[in-house]
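Asks: For reference, the chains in residue letters:
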Amino acid sequence: MHMADALLSPAVGATFWAGTLGTMAYCAKKLKESMDEKMVPLMGVLGAFIFAAQMINFTIPGTGSSGHLGGGIILAVILGPYAAFIVMASVLTVQAFFFADGGLLALGCNIWNLGVYPCFIAYPLIYKSVVKADSGPKRIVVGSMISGVVALQLGAFSVVIETLLSGRSELPFGTFVLLMQPVHLAIGLVEGFVTAGVINFVRSARPEIIDSTASARPLSAEVSLRKVFIGLLIIAAMTGGMLSWFASKNPDGLEWSIEKVFGKPELPEAEHGLAPALKSIQEKTAFLPDYTFRRSGVEGDKGSPSWPAPDTGTSVSGIVGSAMVLAAVLLIGVLIRVFRRKIGRTA
Amino acid sequence: MITFDKAYFNLGYLDTLSYRDTFVHRLDPRAKLIATILFIITVVSFPKYEIAGLLPFFLYPVLVFSLGDIPVAFILKKVLFVSSFAAFVGIFNPLLDRQILYSAFGLSVSGGWVSFFSIMLKFFLTITSALLLIATTSFPGICSAMQKLGMPGIFVSQLLFLYRYLFVLTEEVMRVVRARDMRSFGRKGHGIMPFTSLVGTLFLRTVERAEKIYQAMLSRGFRGRLHAIRPFDFRAADTIFLAVTVILLCLFRILNIAGAAGRFSSGLF
Numbered sequence: 001m002h003m004a005d006a007l008l009s010p011a012v013g014a015t016f017w018a019g020t021l022g023t024m025a026y027c028a029k030k031l032k033e034s035m036d037e038k039m040v041p042l043m044g045v046l047g048a049f050i051f052a053a054q055m056i057n058f059t060i061p062g063t064g065s066s067g068h069l070g071g072g073i074i075l076a077v078i079l080g081p082y083a084a085f086i087v088m089a090s091v092l093t094v095q096a097f098f099f100a101d102g103g104l105l106a107l108g109c110n111i112w113n114l115g116v117y118p119c120f121i122a123y124p125l126i127y128k129s130v131v132k133a134d135s136g137p138k139r140i141v142v143g144s145m146i147s148g149v150v151a152l153q154l155g156a157f158s159v160v161i162e163t164l165l166s167g168r169s170e171l172p173f174g175t176f177v178l179l180m181q182p183v184h185l186a187i188g189l190v191e192g193f194v195t196a197g198v199i200n201f202v203r204s205a206r207p208e209i210i211d212s213t214a215s216a217r218p219l220s221a222e223v224s225l226r227k228v229f230i231g232l233l234i235i236a237a238m239t240g241g242m243l244s245w246f247a248s249k250n251p252d253g254l255e256w257s258i259e260k261v262f263g264k265p266e267l268p269e270a271e272h273g274l275a276p277a278l279k280s281i282q283e284k285t286a287f288l289p290d291y292t293f294r295r296s297g298v299e300g301d302k303g304s305p306s307w308p309a310p311d312t313g314t315s316v317s318g319i320v321g322s323a324m325v326l327a328a329v330l331l332i333g334v335l336i337r338v339f340r341r342k343i344g345r346t347a
Numbered sequence: 348m349i350t351f352d353k354a355y356f357n358l359g360y361l362d363t364l365s366y367r368d369t370f371v372h373r374l375d376p377r378a379k380l381i382a383t384i385l386f387i388i389t390v391v392s393f394p395k396y397e398i399a400g401l402l403p404f405f406l407y408p409v410l411v412f413s414l415g416d417i418p419v420a421f422i423l424k425k426v427l428f429v430s431s432f433a434a435f436v437g438i439f440n441p442l443l444d445r446q447i448l449y450s451a452f453g454l455s456v457s458g459g460w461v462s463f464f465s466i467m468l469k470f471f472l473t474i475t476s477a478l479l480l481i482a483t484t485s486f487p488g489i490c491s492a493m494q495k496l497g498m499p500g501i502f503v504s505q506l507l508f509l510y511r512y513l514f515v516l517t518e519e520v521m522r523v524v525r526a527r528d529m530r531s532f533g534r535k536g537h538g539i540m541p542f543t544s545l546v547g548t549l550f551l552r553t554v555e556r557a558e559k560i561y562q563a564m565l566s567r568g569f570r571g572r573l574h575a576i577r578p579f580d581f582r583a584a585d586t587i588f589l590a591v592t593v594i595l596l597c598l599f600r601i602l603n604i605a606g607a608a609g610r611f612s613s614g615l616f
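Top line first, the protein sequences correspond to chains A and B. Just so we're aligned: the first sequence equals residues 1 to 347 in my numbering. Just so we're aligned: the second sequence equals residues 348 to 616 in my numbering.
Just to be clear, a hint being listed does not mean it is correct.
No farther apart than 30 Å at their CA atoms in a straight line, the calculated lysine-lysine pairs in the DSBU-like style are these [unchecked claim]:
id	chain 1	residue 1	chain 2	residue 2
1	B	K353	B	K425
2	A	K30	A	K132
3	A	K32	B	K559
4	A	K128	A	K38
5	A	K138	A	K128
6	A	K132	A	K29
7	B	K424	A	K38
8	B	K424	A	K30
9	B	K353	B	K424
10	A	K132	A	K38
11	A	K30	B	K425
12	A	K342	B	K559
13	B	K495	A	K29
14	A	K32	A	K132
15	B	K353	A	K32
16	A	K29	B	K559
17	A	K29	A	K138
18	B	K425	A	K38
19	A	K128	A	K29
20	A	K138	A	K32
Honestly, the hints are just simulated from the structure, not real lab data.
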């Protein structure tokens, strides 16, 4: 469920990057105040552990499919939410670079979806209130399963929101939600179950690891909660502000998705036939210098934003032109290779 | 999905590529990071029915491939194998948006296919440029670039640490997974319960390793901060590279290159 660059608009990507960077700065500040320097290597190696553990697939019984670990809640239980967020962000960053999971612009969204919800919503609000320091293994199972489900549902819902706001996909809100949420319900249950299994295993083998973090780092619920909500409010306001700015500049973003959610507006009749095509070719060849510039500003006035009328002339010349551009680009690449090889041989 | 061993091999190979010595590799990591980010933002900023406008942007990966001496097939294979959420979501566009957008040579293309194709082009361009960044700039290089550009120090040292131990832990996990798979006859283990104790064991080993590392670091004078050894400087070549990238990105974004080429050719014939 990694969000992808290709589905994002710059405004949505930038907004979530801003949210992620803000959370990161906040966590860094918190850790600087209270962190034991022993945590530095522990966080680093645990990040590598989560990264490696995510690569192990296991068969989910009863189904043919396989699952793997997410790790956000395990990290929060062991390291506390601030360090867990930083570790989760680092894991996702390395994945974005080396496995190309999502991409660099979408990384902001992915850290938000897979880091903020488990560390700052599911762990403090659910896990901490279900599981106390002296709780038995069963309560740990219940607590982790509920938190796993909640974290993944929120993450999946964020993906839906991010995609809709970007307006690159045609999926209507309802269908998309129905597509995403049930799948992630199953993933969340598995995640919670595995999390509980690992925590119980560690607790039976080396209880001091989990007990020490639970007692040494009591997350003072009120303070952090208020801050989380204030943070969320700021993000919401920023999203609204940036998106409305973007929407007014480019009709393609928000309005489009809103149209999709509430039904499509009337679309103008498509023009067909040879006559308009020829006419357009004439027009275009006559005003060539004028036309080389994209008419992004003018398009809005035509009543059908982001819906250029079908037009054979532009289609044909567009296809020919595109082929020429691609051929030129490839030619440049081949020439450089040949040139370099020649230099290598003479040198 | 690629197998564990292959994923690990790819990880190491990308890392090896980043230590080559070419013009692109020698550029300052900051310049390359900024250029890649600008490239991705520009590509993504195109509206959803754009195809022709995206094509000139292939120049950037082509240039980096050829100037940086990066094996094309390796990167392309990685891009193809990436589990694509973009394709999964995008494939609904042709089903939902059947409005005819273009018609040429008696064929008509619906808006859904156009926007799907546009998503896939953007996917290819953004993913390739990100992989090329790592293949031409070592990961520690990118990390110090991030720190210079204002990322929190604790996050950067976390990244460096993670990267340092990634290969150690992945190799350990690989051995465990191999042993498990051999005992489960081609299936991926015996379900969730053995998986959790497997992960639990690995976790315990990891924590013990972290304790040993901490002792080793203390004996080498660690006081809570990691230092980078190699300072790098922003040279003239970096400034020129960044300036040319920005100018080209702006030109490709504003001008309709493919349209101009097409009209030029239709003027010829």
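Asks: Against this structure, judge whether each hint is valid.
Replies: Tested hints:
1. B:K353 with B:K425: Holds, because 11 Å separates the two Cα atoms, which is no more than 30 Å.
2. A:K30 with A:K132: The hint holds at about 23 Å.
3. A:K32 with B:K559: Within the cut-off at roughly 23 Å; holds.
4. A:K128 with A:K38: Within the cut-off at roughly 24 Å; holds.
5. A:K138 with A:K128: Since the Cα atoms of A:K138 and A:K128 sit roughly 14 Å apart, the hinted pair holds (cutoff 30 Å).
6. A:K132 with A:K29: Cα-Cα ~27 Å, so holds.
7. B:K424 with A:K38: Judged against 30 Å, a Cα distance of about 41 Å means the pair is violated.
8. B:K424 with A:K30: Cα-Cα ~42 Å, so violated.
9. B:K353 with B:K424: holds, 12 Å
10. A:K132 with A:K38: Satisfied, since the Cα-Cα distance of roughly 25 Å is no more than 30 Å.
11. A:K30 with B:K425: Not OK: A:K30 and B:K425 at ~38 Å, beyond 30 Å, violated.
12. A:K342 with B:K559: violated, 52 Å
13. B:K495 with A:K29: Holds, because 18 Å separates the two Cα atoms, which is no more than 30 Å.
14. A:K32 with A:K132: holds, 27 Å
15. B:K353 with A:K32: Not satisfied, since the Cα-Cα distance of roughly 38 Å exceeds 30 Å.
16. A:K29 with B:K559: With Cα atoms ~27 Å apart, A:K29 and B:K559 stay inside 30 Å; holds.
17. A:K29 with A:K138: Distance ~35 Å between A:K29 and A:K138 Cα, so the pair is violated.
18. B:K425 with A:K38: Not satisfied, since the Cα-Cα distance of roughly 37 Å exceeds 30 Å.
19. A:K128 with A:K29: Cα-Cα ~23 Å, so holds.
20. A:K138 with A:K32: violated, 35 Å
Of the numbered hints listed earlier, those contradicted by the structure are 7, 8, 11, 12, 15, 17, 18 and 20.
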